Every structure is written in structure tokens, then in C-alpha cells.
Amino acid sequence: MVVSEPEADPWVLCGVYASTDYRVRRPLWHEITSLLAQGIPTVAVGDFNCIQSADEKRGGAPFTDRIDRREFRDFVQLNGLVDLGFSGPRFTWCNNQPGGARVWERLDRAFASPDWILRFPTCRVSHLPRIASDHCPLLISTSSVSGHHSPFRFEKIWLSYPQSWDIVREAWRVPVRGDAMRRVSRKLELTKRRLRRWNREVVGDIFRRLEGVEEEITTLQEREDLRGALPEDDMSHLRGLLATHHSLLRQHEIFWRQKSRVQWVNEGDRNTRFFHRTTVIRRQRSMIHSLRDGSGRRVEGEPAVGQVLLDFFRARWTEDEGPGADDHLPRADVGITDDENMTLVRPVSAEEVQEAVWALAADKAPGPDGFPPIFFRRYWGIIREAVIEAVQCFFTQAAMPEDWKATFITLIPKRQEAVEPGHFRPISLCTTLYKVVARIMVGRMKPLLPSIISQEQGAFIAGRNISHNVMLAQEMMWDLQRASKRGSLMAVKLDMERAYDRIRWSFLRRVLEAYGFHRRWIGWILGCVQGPKFSILVNGTPSVFFESTMGLRQGCPLSPYLFIICSDILSRALQRACASRELESYVPTPGAGPVSHLLFADDCLLLSRARVSEARVLRRVLAAYCAASGQRINFTKSAIQFSPSTESRVRQEIRSILQMPEQEGTLVYLGVPITGRRLRVAECSGLVQRVESRLEGWRASSLSMMGRLTLVRSVLGSMPVYLMANTVVPKTTLLKIERLLRSFLWGSHGGGRGVHLVAWERVCRPTSEGGLGVQSLLERRETLIARHAARFLLEPHGLWSRVMAARYGRGSLEAARRGRRISFMWREIGRYLPTVLAHTRWLMGDGRTIVVTDDPWVDTIPLRYWPTTVDFEAAVGLRVCDLLAPGRAEWDVDRLYQLFGAHLAERILAMPVPGCEGPDVRVWSTSCRASVRLGDLARVIQREHESGWDGAWIWRSRLHPRAALFLWKVMWDRLPTRAVLSRRGLGIPAECGACGADESVDHVLFGCLWARQTWQWTGIPEEVWRERRLFLQMIRQWLTSPRTCQEAIRAICTAHQIWLARNARTFGERRMSPSGTRGGAGFVIRDPHSRVVAAGGCRLFDTSVPAAELRAAWAGLCHARRVLGASSIILEGDSSTVIGWIRRESIDHPLIRDIRMMMRDVVAFEAKHVFREANGAADWVAAYAAHHSGYALWAGERELPLALREILYFDVLGCIRTRAV
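For the sequence shown, the positions run 1 to 1221 when UniProt numbering is used.
Quick caveat, the hints were computed from the structure, so don't treat them as lab data.
Misleading hints may appear alongside valid ones.
In silico lysine-lysine, DSSO-like type, Cα no more than 30 Å apart, as pairs [stated by the list, open to error]:
#	residue 1	residue 2
1	LYS364	LYS493
2	LYS364	LYS533
3	LYS414	LYS485
4	LYS637	LYS485
5	LYS57	LYS192
6	LYS485	LYS57
Here the structure is a predicted model, which means the values were calculated and not measured.
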């Protein structure tokens, strides 16, 4: 159903009732695809009788990824449809069977094209109760929400206006009273008021300004088309309008990029449509239309929803009654030294303040002040002194103004169907001034944490890594699955309920005191943490502010570090229980110490023997920690994993003591399945689905290819990396993800499958070898596993490395890779140990570790492999420390000459001997650092590609990304020319549409007559553009010199414009000729039964596109009226400008006057605008007349050329001619 509204474009409502037979559903998917291809905003709603994923079903047979479900996902993906979500019950269909036979599924839903969502950005779908059917009725509401007050937000586009600088400068010159902090607050408030007024009165609505400028440009260009050259004043005005239009387009892109919160796409590539769609779709999905309150009652409407959220979070951040910290004093076995305290509380310098400002992400969402960090950066020259003084004032007074600590709370859904307040994660949007203070304190405190935080904590500490925790958990699970009945193990995964929100401030203060922090430092910490005021953003509208009495804010730079200090009290308590033999924890190997637990921020995994006594100790330790800190364990979400050999009686008693259920299925720790074995393909289905969700078809259709490449490289390609870095992901899964990435990159969307111009293997090469730098997932998996081998060798002091060394040995690598008691993960790592070891060397410390003849320390190879005639037998078994003079930090010269001869002894004597005691350090041979970059590691372990073009110069040249990508395609001879597409079997003739020659890349850009004349007009020497290889060589040479760089850019832009002009000519968007002044006009006349009565066209010279369109309309009407004598005529044209001229009486043009004369005596006449896809036959005639004859006329279908008859045949069938490049 087409819905038409006054003064608005029509849109389509498509009601869906799909068959239960997937073979019958296929024609329906094709029919909807054809409907969407027309480009009209469309919403499809109804019973699709299919689900996409396991979370859309409950009960019945387990979910399987059947062919019908894959086809359904492909249909949604290829058409770029967006699921509009829902509010209300999760499932829309129930079979109404009793007991275990009852099944629920989400069969009914609403999909919309992105353009429809732009039309109705506040639309929502409600699942109504099932009453007279087994399906829920769906209600789509397109009405806009009631007007609400949006908080002030500094707009990035204001930076492009010089007036904004004057406004800020004047506001900050106004004298105000109060201390430095309050003066800055008042100046920001004054700046806010003035910017808001200036934006309203001067800047205005950029969208309306853009429309107004475009209307003015259209008016002037129409006048030029009708009357010839414009007067100089009008031409000057037109040039000014075009410059303004370019500036507004740039502002348009910046505006939507800021709103979209997309960080990985650069501005300047004209992805405005993507930014706009991203913003609107993100807002539509994040809207909260209804919630269940504390009593389970469902409430709707923004005021009621806002009140439910306000009540919930106010209670959440209010300290409850219970044992205080006085009853359970924290104990810490380590502390901050006096020297470290002096470093913490030293005066804050101006440089520290500026570094903190620049350390903040520029475009992050601001707090209630409305000013993001980019405001402070860009206007730093104006506000610098006042901001520095204000920040230093806080560190003097240790008290912060309320407006600095005021915080917006934005809610992030933790699940797809968020129907309760607890289903949202609150993220704090703090003011920039607060974050500057917090960032300074983090910078001072962070270097001290490794010495006071227990080794079991892996988060936010330099030198520790999340992978270390996961790898230890993998080793533990390997042992747990194989433990005997006597040595059975258990792993307890704790779920801390709202961990950050429940930290008591009194507990935080006592913990900081226990660790020996300076009193002044504690005052600064509490001055930041205590007494914040919150306002919840509900659909963009802030609620009233309320105070909290406990908790750490998620979003505050200080919170993660303060939390791990507090949670270290739990680590110390567990360590003391192990030391006193109360708790027998997991011991990885007899030579290693106990590992009682693993912590990563609030994710906790407890490891111990599966005994009742151990369970009682764990219960007591956890209860004491929770009572002191305010933490609360969510016992229903926590779980226990037992060894298979654990007796059922013991299991039951432990479950009763800990009040936790036993783990069902696979234990997931830090997002990684901990299985103790290789992952199966089915266990990785969630990863594939997450990648698919990020590859929604509307993203591909909204992005340029360069934008899609950036998304593949920086976001999607990295999504599987975390899982690959911590376990062995099956090859089948990675190949499936690569297929998705490949299709997305080449634009497989909108019902088409795209043309994969370059092989994926070539795309995955480094840019230095002619690729696009998209790393193959299989190769990346190898690199990530090899990185564990490198960390084992280069970072020997980490907890994981120490445990692995004790478990498998650090000396004999061959022994470490063999044996039945080797875990699956260590077997994988062991494959890369010899290769990694061969690329490391030693840096001398005390010399006690390095074996003189067997370890590389003089160079990158051991001495025993040196090509020399010296016999090293006397040096075998010696350590480097044996080569030093006794009691001195210098070489024993005589012994060196005696053992190694003059040449090698001189090499060794040139090496420095450290004057202080310290261990020897193993480093990566090419960087001499105790770490290795993934790129260096990849070059070592991966096979070399066959030699290809060196394309790195293209990306180093700082060309516009789109121009660089075009040049890369030219380099590989992979532009989608007719010859290329014909060779791929697409049924397209290989001949050039302009001259009839074989249309290769060389021909299009350099050989075609039109291209050659274009190059000649530019004045670029012919030897540059004679053929493709010479062109690339000259461009590369020119780009290396500043003197010829501009000439290279001009040549590249010329080639790019020739290609774009070819596309415009091919797809009928522009009629061009070699001289640049030749075109064509064509018409096709049909009877009421769609049979062709006549068709004709003529060649045109020195004319514009609208004039050519007008000439075609006039010629067709002349033939229909004066030759055929038609009395009822419908004129269809794809130029809305010309159709508008014919409809309007005010246009004065000789051909339009003649058309009006001809149509004066007809019975009926109507002029209609159609899309070019529906006017392909007339376009073909115009192109034929322009390039093959001066005038063409065919009187009936039998005389028509075969190509034209094919186009007309498809028109009769109703097939749409789509345009794609």
C-alpha cells in the first residue's frame, strides 16, 4: 500500500503474511526485494514465519541454523533492512500447548528501509497482548514524541565560524566573582548562553540554509540553461553560492558525524548519509518507550518511564543499612612509601593540566556543562590561564563545586529486550573540568599500582594483560576436567551485583589509609568521589538531579583504579587464608605457588579443591569482604564448575554452603568459553552473529567503498581478535567471517551481490605488497597465538609466564611441547616457540643467566654458530658473568682474548657493562625491547606472498582516500569496465559505449577519443598518460617531490573524473562526447497496450543536459502529435526540471511555447516525472543517436535494434533497470 500525504513524498506499507513452507517464502522475499529496489521509503510488517537466531525462541527443539533461517538473514542483509525493535512481550507467537510442549517464537516483526526511518525517526513498534489469536498484534506508531528540553551541547561545526572565537573571547573577559573554580563555572555558563543565542540568530538551521542555497543555485542554472550565459553579477553570485554550498555540506557531515558517535570513519569522505542514518537509527533503537516498575507493572510514556528510572537509581545509589566498615577493618600487607606519597601530593603544574586536557578524547559526549574536550582544546589560547588556575585551586582546597561533579547518566541496554531498569548499564557523563582533575590524579597514581596490587588482578595495571587471566583459566580448566576423585577441583565464578555502584565511601577511605596513602591525597580522592549529583537522560531529556551516598561512577577516569584498590582487599584475604592453610587452592604444578583466584576488575574466578571445608572458608571470606565494602554477590548468576570426578554428595553440600547453582554448559570467563579443549564451530556461532549484526545492509549502502574498507580494517576485522587471542577459533568459523567481510567490502547489499574485483588473498596483503592491509583472519590467528610465545619468553615475571615456566619448563622448549600432560593451548603456543626464540637476543645485566656459547648476546645468533676458526670448547658452560673481572663491573680482557681471539674479543669489549646489579633481559632482536609488535611478529611467522606491486606509496602520499582507492584499482587493472564485467560472465557487451572498442582500463582512461582529448586539454604531457603502467610510474615519481606533487594530484584527479564521466555516460546520468559538447536526445512512443509505435533520436551539439532533455520531450511530442495524430498523450521523462518547466505557465522558452501550442487541442495531456530506471529505453535511444548517427527513427517494433528490444521486453515484464557502479 502506497501512503501519500499532503506536501510529503509517498512511502510504502508492506503487509507480510509468509507461508510456513520456506520454499513458498522465497518468491515473497524476491517480491519485497523488487519493491525495495524502487527506492521508495518502505516498512514491511507482519508475520514473517521465521526467526533469525536462538534468542528469538524458547522451548521446543533446540535452535539450528537451517537453510530457511540463513535465507531470511540474507534477505534482510542484502536489502539493508533495519529491525525496528519492539516494546512489550519478547515473543509474538505461542503454540499454546501445555507443559514442556509449549513453544514461543518471535515470528512477527517490522523491518524498514533506512530512508523510512529518516522519515519517521521516532517510530516505535508495540507487541500487544495475544487474545483472539496465537500471534501478538503489532502496533506501529509514527507519531512524534512530545517536545522535550534537550540540554546544551557544544556543536563542532561552530568551530568553523570565526564569530565563535569572538564570542568565547568576550565571555571570558567578563569579570566575575568567587574563587578560581567558580569563576570558570560562571564563564562557561555565560559562554553557553551567548553561543546558544548566536546559534539561533546567526548560524540558524544548516539544513534549511542548505535547501535555500540549493534552490538559489537551481534557479540561476535554469536561467542559464534557458537564456544562455548569465551576466557577470549573476555569475559572481553563483560562484559564491557554490562555495557556500560546499561549506554547508562540510558542516552537514561534521554535524552528523558528531551526533553519530562514530570514531572510525574520517571526515572528508562524504559519508554524511552514513553518519545521518547511524544517528537516527541509534536514537530509534535506544528509545525507551515502556518499562516494568518494581512491582512488575508495565508503564508507558516518557514521564512515567522517567519516574521509574529515577526511583530505581536513586535507591541504587543510597547506602543501605548493614554492618559498617568499623566492624571489618581492611588489612593490606603492602603500602605506599613516603617518597611515593611526596610524588603524589606535589603541586600541580600548568603542563600537567594541559596534558590532561589533551589526553581526553576530543569528541566524547559531554556532561551537564555541555562542553566536550574539543572546546577546551580549540579555545585553549583564550581560556588557558583561567582553567589552569581553577584546576590548581581544587588541589589547594580539596573541595569541588557541585556543578563540576554534576553528572548525566546515559543508559546502555545490557540485553536486546531491556524491559526493566536493571537491564540498563548506567554510564556517567562527567563534566570536562572534573575529568581533567581526575586524569591528573590517575597519571600520578597509575605508576604506583603494580607494587601494591596483587598479581591476581589483571586489570588496569601496566604489564598485565587480560589474556594472562584467560590463559590461566584455560590451564585450570584443563586440570579440572582431568582431576582425580581425590584431587577434584572447583571453579567458582562470582557475579558481583552492581560492583562499582555498591562501594562504600567509608570503606574506600579506610582502604586508602590501610595502603598508606597520604592524608592530602585521600582528601583529593574523596573530594572527587563524594557528593555527586545525577540526572538521568531519558530519550535525550534530563531528569531532575538527585544525590547519591555511595558508589563509584562508571565513566569517571578514577573509578577503575579506585575499584581495583578496594578489591585488592579480597585478594589479600584469600592469600592469607591460603598462607594459614585454611584454604587449599589450585596449585598448577608442584613447583608453582597456589592460585586461589583470578581477578579482572570485578570479574572474579575462585579456584580451590572441591571440598566442603574449602567452601566454608570461601563463604566466610566473601561475607567479610561484602560486609566491609558494601559489595553484594548475585548468587543466582554466580555458578560453580566441578571436576567430573567430584562426588554428587560433595557437590550438593558445596552448593548449599555457597548458595550457588552448578554451572550448566560451558563456563564463560571474561567473554571466552573456558573448555579445556579446542572450541567447536557451534560454540562460535555467537561471534559470527555479532559480526553479521555489525554488517547490516544499510551500513554498506550508506558508506563509500573507502568507508567500508575502513570499517572492515579497524572495526569488523578486530571483532574476532579477542577470542582468537585467548583460544583456538575453528578455521571454519574464521572463513565464514571472512566471507561476510569480503561481501561487505565489495558492496553486496541492496539485493545485489557486488562485483569482487580483486581476489581476497590480494586484498589481504600488506600495502607494501599491493594489498589493502586487511589482514587475513587465519594469519592473524597464528600471529596472536605466537604472541603468547613471545610474552612467555620476553615477560618472564608475569603470573601466567611464571606458572607456565614452572609447569612446562623454560629451558628445554622441545620438552615443553611434548607429553600427554600438555594442555591444548600450550601445544598451540609451543608450535611457535622455536621461531620466536630464534628472533630474540639477550641484553646483559648481571650476566648470570646468559650462557656464553648457547645464547645470542653479542649478536642475533649464538657464538657457537659464528663463522670463525676459534675453538669455543673452553667457553662451553660458562655464563657471561664469568667473563667479568672479579669484584668489578668490567670485562676480564685477558680472558676474552684467550677464549675468543682478537676479533671477537674486540666486539665483546665494545659492549657496555652495566654498573648496577640487575637481571639479564631477553629482547626482540630488531627492536631491543622486552616486547614485540604484532606487525613484527607477523613478518616472522607468516609465509611470504608472491611478489606483486608495491602499493604502499599510494597510501603514504596523503591523497584523498577515495582517490587513493581509485589509483589502487588502476594499479591492479581492476576498474569495473565493460571488458572486465564481460569476462566475469555478467552478460554485458565488452565494447566501449563511446567508440565501440574493447573497453579495458587502459582504453577508458587513456585510449578512448574522449579521454585523449580530455588529457590534451589539461596540458599534461602525452608520455604520462600514454598507457597505465607509464602513468603509474610517473605519478609515483611526481609524488616524491614537492615541486611535482601538485601535478601528480592533477593527473590523478583527471583520470578519476574521466572514470566518473564514463560511469555517468554509461548509466544515463550524463550525455557526454569526446569533444565535451556532443549529446543526444531520444524518445519512445507506445500505444495504450505498451506496444512501441515509434522511436527516434538525434545528435545534439553545444547544449546543456536540461536543454537536451527538453529537446527530447519536444521531438517526441512533435512526432506523436503531428506525425501520428495522437489526441491523448502522457509524457514521461526522468528530468524533474524539464517536467516542471512544461507544467508551469511562467517558463518562457520557444520549445515550451511550441509544446503548449501542440497540446492545446488534444483531448488529454499529462506530464509525469519518472525515475531514470523506468526510462531506460529512451536513454538508450539518446545514447545511440549521439554516438552512431546524426538522426535515428524506427517506425514500429520490428525495425528496432536488438538491444533496444531487450530493454523494452524487460519493461513489459515489469523488471526494474537498476544502476550500480
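Status of the hints after comparison with the structure:
1. LYS364 / LYS493: 34 Å, violated
2. LYS364 / LYS533: 20 Å, holds
3. LYS414 / LYS485: With a Cα-Cα distance of about 39 Å, the restraint between LYS414 and LYS485 is violated, given a limit of 30 Å.
4. LYS637 / LYS485: Holds, at roughly 27 Å.
5. LYS57 / LYS192: 50 Å, violated
6. LYS485 / LYS57: Violated, at roughly 39 Å.
Against the hints set out earlier in the document, violations occur for numbers 1, 3, 5 and 6.
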